[in-house]
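Trainee: Here is how the chains run, residue by residue.
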Amino acid sequence: MTGTATESAPHPPHYTSVPDWSREPLVQPVDPLGRVHTVIEVVDGDRVATRAVVAGWLAALAGAQVRHHTCEDTSAAVAALEDDLVAARVGHRVLVAGSADACLAVRAAGVRAGLADDEMGFGVVSVATRTVWCVHCSAATVAELALDDVVACSGCTRNLLVYPHVSRRTGQHLGFMVDAEEA
Amino acid sequence: MGRLRLVVAGIDDTVPAVRRLVLAAPQGGELPSYTPGSHLVLDVPAGAGRERALANAYSLVGEGLHPSRYEIAVLLCDPHGGAAGGSAWVHTLRTGDPVTAMPPRSSFAPVQAATRHLLVAAGIGITPLVSHLRFHARWGREAELLYLHRAGRGALLDEVAELTGGVASPFHDRADLLSRLRERLLDQPIGTHLYTCGPTGFMDLVVSEAQEAGWPASRIHLEHFGLDDLDPGEPFDVTVGERRFEVASGVSLLEAMEQQGYAVPNLCRQGVCGECRLDLGPATTGVWHRDLYLTDDDKAAGDCAMACVSRALPAADGRSHLEVSL
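Residue numbers (my numbering), protein chains in the order written: chain A, -14 to 168; chain B, 61 to 386.
For the record, the hints were derived by calculation from the structure and aren't laboratory data. Treat the hints with care, since some could be wrong.
Not close to chain B: a few residues of chain A, all C-beta gaps over 10 Å, as computed [unchecked claim]:
1) 33
2) 70
3) 75
4) 76
5) 112
6) 146
Incomplete in silico selection of chain B near chain A, CB under 10 Å [stated by the list, open to error]:
7) 62
8) 135
9) 174
10) 175
11) 178
12) 246
13) 247
14) 248
15) 249
16) 251
17) 270
18) 275
19) 279
In this text, a Cβ means the ideal position worked out from N, Cα and C, and glycines have one as well.
Please model the complete structure; the sequences and the hints are all you need to start from.
Mentor: Next comes the structure, spelled out in structure tokens:
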């Protein structure tokens, strides 16, 4: 510990709602303190990379009580998580591997079920796709997007700015009309 | 915020060594509201064996919505046994005596998003948790209490029985409570939060049992009464602008700065209130924080310290130095 540790301040800023693992692919470690672990493998993206992430986690959890679910898409993953959490007790941990878009959606289901941030870990293999929620018509637009890009809303065709804010409750990015002053 | 002027409106000494004190505005009327689990910091005057005035925090028993009175429960701690003398002073107060206090503050509120609350108290640590229980009873929240106290010395037992429907029978033996706690920690639905208040050694045990059962830090909440005696620490030197002086072992940075003539705002002098926070410059070699106020991020940044409890850590060359920016 030194008095000049400020250079190593977390980047991206820790005060944003956009997790670092949805800006660039990152794999978080398992939490060995958990008593039971749900491991969810969402295979609608890069199957090989996702499988490798999960294999690493399973090796680290050897001997622990693990429930491993391989899910074809996000909604199957959400259903598997919700099912596991019905009877779960505090001490449970959840790991999700797949695209950032899938991880955000599954995290939202975990938050709604009462999981805390330090009970969930993520292994992200791609951050290309984002879901944008339109503040004007509430439609969700899924596309290959970076933060601050502009995309036409799939519901109302307004040009939406992909604002760097993610809802913890839905896992979707905030989108609002970028040219409201001109249009 | 300014001080509140209060008077003692009621005293109950039924339980040995535990005084329940009711405070009210001199002319009656509404007092500032507070969240459950809050404490009141009373001004304790110097004198009667107290070298200097103290500011002592006492947990409020009530629920806190538009109160007309503040009620605290204070355990008598023996000044001859090393206590600072604040609780002994509370035990000398009489009805009608004036008392000044900081408005209630909270660092131990129930988590609003929690679906269930597990409360673990020892001794007088029951006080803020009775406040929690009142809140849970009003809003129909699920709560469970484990309470340890010496036989015949239980505080607030009537409230506890009423608020828990009589199901929370107190424990008189630490081992019995721990064995029940182990069981209960393994069987709490997702969304439960754990709250503990009691002596530091007791809370350490509760936390280690919870960790053992896989509870993450975000679900564990503690209310500290204060710190146990701190290690006197190694001497270190300090610069404030052009001035340089040494802080001896056993002397706090706050005391050393006061001796040097600096007026550092302070209140609890035990690392809890945050009043004596100082900014540190880049010549600082390292900080041994020891306070309960700063967040982990604040501590990692290393650019501030609590004058009352923090000390310098040595650099690789063995020098221990704090650069204070006033």
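Trainee: Determine for every hint whether it applies to the structure shown.
Mentor: Right, here's what the structure says about each hint:
Residue placement check: residue 33(A) keeps its beta carbon more than 10 Å from all beta carbons of chain B (closest about 31 Å). Not every CB of chain B is more than 10 Å from the CB of residue 70(A) (nearest about 6 Å), against its label as outside the interface. In this structure residue 75(A) is not separated from chain B by more than 10 Å, as the shortest Cβ-Cβ distance comes to only about 5 Å. For residue 76(A), the non-interface assignment is contradicted: its Cβ lies about 3 Å from the closest Cβ of chain B, within the 10 Å cut-off.
Its beta-carbon lying about 25 Å from the closest one in chain B, residue 112(A) satisfies the requirement of being farther than 10 Å from that chain. At roughly 30 Å, the least C-beta separation between residue 146(A) and chain B is larger than 10 Å, which holds for a residue marked as non-interface. Below 10 Å, beta-carbon pairs count as interface contacts, and residue 62(B) has none with chain A, the closest being about 32 Å; its hint is therefore violated. Against a cut-off of 10 Å between C-beta atoms, the interface hint on residue 135(B) is violated, since the closest Cβ of chain A lies about 31 Å away.
Residue-level restraint check for residue 174(B) holds (minimum Cβ-Cβ distance to chain A is 8 Å; threshold 10 Å). For residue 175(B), the interface hint holds, since its Cβ comes within 10 Å of a Cβ in chain A; the closest pair sits about 6 Å apart. Contact between residue 178(B) and chain A, as hinted, is supported at the beta carbon level, the nearest pair being about 9 Å apart and thus within 10 Å. The criterion of a C-beta within 10 Å of any C-beta in chain A is met by residue 246(B), whose closest approach is roughly 6 Å, and the hint holds.
With a cut of 10 Å, the hint placing residue 247(B) at the interface with chain A holds, because the nearest CB-to-CB distance is about 6 Å. For residue 248(B), the interface hint holds, since its Cβ comes within 10 Å of a Cβ in chain A; the closest pair sits about 5 Å apart. For residue 249(B), the suggested interface contact is upheld, since its CB lies about 6 Å from the closest CB of chain A, less than 10 Å. Taking 10 Å as the C-beta cut-off, the interface hint given for residue 251(B) holds, the closest approach to chain A being about 3 Å.
Given hint, residue 270(B) at the interface with chain A, holds; its Cβ is 9 Å from that chain's nearest Cβ, closer than 10 Å. This hint holds: residue 275(B) has a C-beta 6 Å from the nearest C-beta of chain A, less than the 10 Å allowed. The criterion of a C-beta within 10 Å of any C-beta in chain A is met by residue 279(B), whose closest approach is roughly 6 Å, and the hint holds.
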